[in-house]
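Chemist: Chain residues, written in single-letter form:
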Amino acid sequence: MILSVPLVVALVVSGALAGLLGALVGIGGGLIVVPVLVLGFGVDIKIAIASSLIAVVASSTASGSVYVGKGLTNLRLGMLLEVATTFGGITGGLIAVYVSPTVISALFAVLMIVTCVLILCTKDPVKKTAVSESLATVETAKETIGKLSGSYYDPYLKEEIQYDVQNVPLGSFVSFFAGVLSGLLGVGGGFIKVPAMALGMKVPMKVAAATSNLMIGVTAISSLFVYFARGYVQPIIAAPVALGVVGGALYGTTLAQKISPKLLRKMFAAILVIVAVQMVLKSLGVSVGK
Amino acid sequence: MASDTQAPASDRKRVQFLLRSGLIVSMVLMTIGLVININNGHIESVPVAMFDLLNESLTLGDRLLGLGVLVLALTPAIRVLTLTILWTREKDWKFVGISILVIIALIISITLGGHA
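Line by line, the protein sequences give chains A and B.
Residue 142 in the numbering used here sits at position 142 of the first sequence, with consecutive numbering throughout.
Residue 11 in the numbering used here sits at position 11 of the second sequence, with consecutive numbering throughout.
Honestly, I wouldn't trust all of these hints.
Below are the SDA-like pairs computed for lysine to any residue, each with C-alpha atoms no more than 25 Å apart in a straight line [unchecked claim]: (1) B:K13 <-> A:P204; (2) A:K46 <-> B:I43; (3) A:K147 <-> B:I43; (4) B:K94 <-> A:K46; (5) A:K46 <-> B:I107; (6) A:K46 <-> A:L199; (7) A:K266 <-> A:A106; (8) B:K91 <-> A:K266; (9) A:K147 <-> B:I100; (10) A:K147 <-> B:R14; (11) A:K46 <-> A:R230; (12) A:K202 <-> A:L120.
Which stretches of chain A does chain B cover? Using the computed rule of at least three CB atoms under 8 Å from a CB of chain B, they are [as the list claims (entries may be wrong)]: (13) 31–38; (14) 70–80; (15) 230–243.
So, partial list: chain A residues that the calculated Cβ filter (under 10 Å) puts toward chain B [to be verified]: (16) S4; (17) V83; (18) I90; (19) L94; (20) V99; (21) S100; (22) V103; (23) G217; (24) S223; (25) L224; (26) M267; (27) V280.
Hints are computed from structural coordinates only; laboratory data are not their basis.
Glycine included, C-beta positions come from ideal geometry on N, C-alpha and C.
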């Protein structure tokens with residue numbers, strides 16, 4: 001595939017849009033990057049997934065460094081769940097090599113519809129997870145050696161929140177599943193891990209979002225290495241997308257405080273439905289443009 | 001194991017520094033690679049496999065782009081390794097064991113990829 005300078009710029013802009021939208025609605029950019037590359041640029045789905053995994057690592061590293069600095073990430077909880085999620089990522093990466101692009105496209109469409117429903121049903125996730133506005137710092141956050149429990153200062157409630165972690169087997173199971181999806185479809189899986197931690201493991205929402213954010217980097221690389229070693233990484237496509245995603249994600253964390261989350265979620269859900277329908281049509285062999 | 005001892009705040013500062021450094025280095029490598037390729041009119045999508053980065057047939061731009069991807073991919077792995085070392089110093093053996101399991105999973109991932 002021969003690219004032109006305008007096409008490279010278009011890849012950067014697409015990545016920025018994915019990073020921006022991802023940061024605004026609190027999910028990784030993978031759900032947007034894969035369909036944009038496949039439908040918009042005619043990229044093979046496995047190369048698109050490898051590019052998306054690189055974008056997910058970039059996004060996780062960029063926002064993860066902010067959240068770790070603010071003391072909201074529970075490093076020990078993240079590491080514990082990473083055991084399941086990395087083995088899941090390897091499983092997904094290995095399965096993906098043997099699954100036809102048609103099946104992967106169809107699975108992706110289903111995943112987008114599920115995410116769309118979750119986004120519309122979740123009460124104001126952006127406001128609850130807008131950790132960038134938090135005044136929490138490294139010094140105010142605490143983790144106890146040998147335990148999963150922790151605490152952080154919540155400026156909204158103006159108090160220190162202490163929490164324990166429950167239902168670790170459930171969290172591990174969900175993390176494994178999220179890892180499989182990551183390897184198979186090139187998504188971060190944060191939209192599954194955050195509810196699992198917040199609802200299943202009784203972790204505060206802000207901590208769940210920040211911890212998931214750090215985790216998706218490790219989840220993504222467990223399958224990225226498989227794709228990278230097998231030659232599915234095409235840096236000339238992946239690099240502009242990754243550069244755009246980082247810029248978009250960083251801008252999105254500041255813009256999140258100025259836009260109505262409700263309107264944004266509805267817009268995002270509409271985009272997901274349109275793209276999901278196109279992915280289904282593509283998997284059925286119906287032409288959807290390029 | 002001192003179960004009621006607070007983990008030092010410096011752990012987080014080190015992890016934050018590591019993530020930022022990895023991100024900056026990888027983004028700089030990718031940008032330079034991209035600029036070189038565009039400048040040379042070489043903007044063809046070429047698959048770059050992890051174990052072929054030292055291959056003579058790759059252009060400088062493609063090699064830098066691939067190296068940028070590798071640095072980015074290694075950053076979360078080095079973060080896991082760093083925490084393993086920090087927790088070893090704190091004698092938090094339970095989480096040292098857990099982080100070693102993650103490292104083993106990542107080694108399996110690289111090994112399986114390499115034997116494709």
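Chemist: Take the hints in turn and mark each one as holding or not.
Modeler: Now the hints, each set against the structure:
Straight-line distance between C-alpha atoms of B:K13 and A:P204 comes to about 22 Å, which keeps the hinted pair within the 25 Å bound. Of the pairs offered as hints, the one joining A:K46 and B:I43 holds, with about 20 Å between alpha carbons and a cut-off of 25 Å not exceeded. Between the alpha carbons of A:K147 and B:I43 the distance comes to roughly 50 Å, so the proposed pair goes past 25 Å and is violated. Taken as a hint, the B:K94 and A:K46 pair is broken in the structure, with Cα atoms around 38 Å apart against an allowance of 25 Å.
Restraint check for A:K46 and B:I107: the C-alpha separation of about 22 Å stays at or below 25 Å, so the hint holds. Between A:K46 and A:L199, the direct Cα distance comes to roughly 33 Å. Violation of the 25 Å bound is thereby established for this hinted pair. A distance of roughly 23 Å separates the Cα atoms of A:K266 and A:A106; the hinted pair therefore holds under the 25 Å criterion. For a cut-off of 25 Å, the pair hint linking B:K91 to A:K266 is broken: about 49 Å separates their Cα positions.
For the hint linking A:K147 to B:I100, the alpha-carbon distance of about 17 Å falls within 25 Å, and the restraint holds. For the given pair, A:K147 sits about 20 Å from B:R14 by alpha-carbon distance, which is consistent with the 25 Å threshold. Taking the CA atoms of A:K46 and A:R230, the gap is near 11 Å; set against the 25 Å cutoff, the hint holds. Restraint check for A:K202 and A:L120: satisfied, since their Cα atoms lie roughly 22 Å apart, inside the 25 Å limit.
Evaluation of the coverage hint for the stretch 31–38 of chain A: breached, as 0 residues show C-beta separations to chain B shorter than 8 Å, against a requirement of three. Interface restraint, the stretch 70–80 of chain A with chain B: holds (6 residues with C-beta to C-beta distance below 8 Å; minimum three). Coverage of the stretch 230–243 of chain A by chain B holds in this model, with 13 residues showing a Cβ closer than 8 Å to a Cβ of that chain against a need of three. Contact between A:S4 and chain B, as hinted, is supported at the beta carbon level, the nearest pair being about 7 Å apart and thus within 10 Å.
Here the hint on A:V83 is kept, as its CB sits about 5 Å from the closest CB of chain B, short of 10 Å. With its C-beta approaching chain B no nearer than about 5 Å, A:I90 sits inside the 10 Å limit, and its interface hint holds. The beta carbon of A:L94 comes within 7 Å of a beta carbon in chain B, closer than 10 Å, and the hint placing it at the interface holds. Look at A:V99: its Cβ only gets to about 15 Å from chain B, farther than 10 Å, so that hint breaks.
Nearest Cβ of chain B to the Cβ of A:S100: about 18 Å, over the 10 Å cut. The hint is violated. For A:V103, the shortest C-beta to C-beta distance to chain B is roughly 20 Å, which exceeds 10 Å, and the interface hint is violated. Checking A:G217 against chain B by beta carbon gives a least distance of about 4 Å; that is within 10 Å, so the hint holds. A hinted interface residue such as A:S223 counts as satisfied when its beta carbon comes closer than 10 Å to some beta carbon of chain B; here the least separation is about 7 Å, so the hint holds.
Taking 10 Å as the C-beta contact cut-off toward chain B, the hint placing A:L224 at the interface holds, the least distance being around 5 Å. Taken as an interface hint, A:M267 does not check out: its beta carbon lies about 29 Å from the nearest beta carbon of chain B, beyond 10 Å. With a cut of 10 Å, the hint placing A:V280 at the interface with chain B is violated, because the nearest CB-to-CB distance is about 26 Å.
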